[in-house]
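Engineer: If you want the building blocks of each chain, they are given just below.
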Amino acid sequence: MILTEVMASLLLISGCFFYIAGTVGLLRFPDVFSRLHALTKADNLGLFLICTGLAVNSGSPRITGLLLVVWILGLLAATVSCHLIARRAIRSGQAEPPVAEPRAADPTP
Amino acid sequence: MNPTAVIYVLTAAAIFGIGLYGLLVSRQILRQLLTINLMGGGIFLLLITLGGGAEGPPDPVPQAMVLTGIVIAVSATAFALALLLRWQELSGSSEVDGDAVTDAVTDALDDDE
Amino acid sequence: MIGLAIDSVLALGIVWMALQTVRSDSLFQAMLMFIVFGLLMSLAWARLHAPDLALAEAAIGAGITGALLLVTWRRLQVHGPDDSNGPRLMTRWLALPIACASALLVIIIGWTALQLPAVPGTAGELTLQRLEDIGVSNPVTGVLLGFRAYDTLMEMAVLLAAWLGARAVATEFRPGVLPGPAHAEVPLVGALLSLVVPISILVAVYLLQAGGSAPGGAFQGGAVLAAGGVLLCLTGRLEAAAQASALERVGVILGLAVFSLTGLIVMATGGPMLALPGVWAIYLVETALLLSIALTLVLLFAAAPGLRRAP
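Protein sequence lines correspond, in order, to chains X, P and G.
Mapped onto my numbering, the consecutive letters of the first sequence carry residue numbers 1 to 109.
Mapped onto my numbering, the consecutive letters of the second sequence carry residue numbers 1 to 113.
Mapped onto my numbering, the consecutive letters of the third sequence carry residue numbers 1 to 311.
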């Protein structure tokens, strides 16, 4: 009993950490693409950890299944909205598409 | 007195005040609609808090009233938005100006005849 | 203790969002803040033990209202740039004391009401005692359809009136009233739609069915179904049509018609008007309400007389 509670707490706390990281990225990163990167990647992992934590805490297969659906729907929505925002940003010319820059100190022989 | 109830009564009062202030000073109709909805939110919060929401499940009658209120608010907002669109088409601006409203409506009526 | 801390943070967040809605310079930002305000309100309802309201606020208050605001903003942009230097109703210095006084009034009302001793035999208590008579165990659904059915009927009438009003003031039909299907050709969107729209139907039916015993009901379900319809409009799967089809006309008045007819039949057979005879009648009326609510909300969003499937 204690073990599952500790596990659930750890999962919830690490989930919150990823959410905070994603939010800091959203607020601090310079352009649309890196912000999207921070938001979707970190938050999806955070959502997964929180859902897992809640599932462990509940111990019920029904709730675990529902939380899994929540996570998958969140993942789908984040993926598609991220894609659409990035696409819109490129098409409207508000932001330059990220191009892999040639490294300056590339030791080419 | 339940401290949770106090928190939410204060929140309700703050939202209502902020909404009323916004309604009085904002220049755009769309923002005025937002502020009216804020005032509504404050009143809903007050109703549920006074219905005992802080201690346990609130009284079902205020809950049903607020549920009705939320749907009425979206209906009224939708109608107001339709009016706003029409008004902007007639006048070319999204502000309120009494004389301009009268002129535009008179013009529109003249056109119809 | 930790609950109190959560409530305080939530309350601060709600007030901050309200403040930003009023204060932010850009109208677009104000609308986004308002949508976030709605989401935080739905958390507040959950904290206040009112999950029915939390569902309704998230789906209707934040979701549908937000979609309506954003689409109207887009349509306003099409007509011309937003000129934000209109006259105010009054100056800031006059508005501030008025707003403070009204907030104080709300505090006094709340404070006084919290001091009042609990009175036995309120309408809510009577409802809880007599829930078994009407056959549903969710007290909110019980009040909406069992004890205050007039309110619910009139609510549907208001929704219908709002739609008719919006139709009446709208200009003659133009095909371009919906925002163009900008994302129609993106493959990801099609994949998402093929999942999310069926799920919205499933969730709507679940909420309707659960409404008898758990949080949920026709209004929440209707809003979720409407969200699916709004998605179809936004992605160009549904187009505005110049005329409402016969099915749409029936759909818009279905809730009102089924509800009134059931009530009248009960009256004709000797019962009080609108007293629903049993659980099956509650579910019949709720299903009709759900369909009407969803269709009306989608039509309001599309600002069109009707909808048709895009070619």
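Keep in mind that the hints are not guaranteed to be accurate.
[Unchecked claim] Selected chain G positions facing chain P (Cβ under 7 Å, derived; list incomplete):
hint: 1; residue: 7
hint: 2; residue: 28
hint: 3; residue: 51
hint: 4; residue: 53
hint: 5; residue: 106
hint: 6; residue: 140
FYI, nobody ran anything at the bench for these hints, they're computed from the structure.
On a predicted model such as this, the values are computed, not experimentally measured, just so you know.
All C-beta atoms in this analysis are idealised placements derived from N, C-alpha and C, irrespective of residue type, glycine included.
Engineer: Look at each hint and say if it fits the structure.
Structural biologist: Evaluated hints:
| no. | hint | verdict |
| --- | --- | --- |
| 1 | 7 | holds, 5 Å |
| 2 | 28 | violated, 10 Å |
| 3 | 51 | violated, 9 Å |
| 4 | 53 | holds, 6 Å |
| 5 | 106 | holds, 4 Å |
| 6 | 140 | holds, 5 Å |
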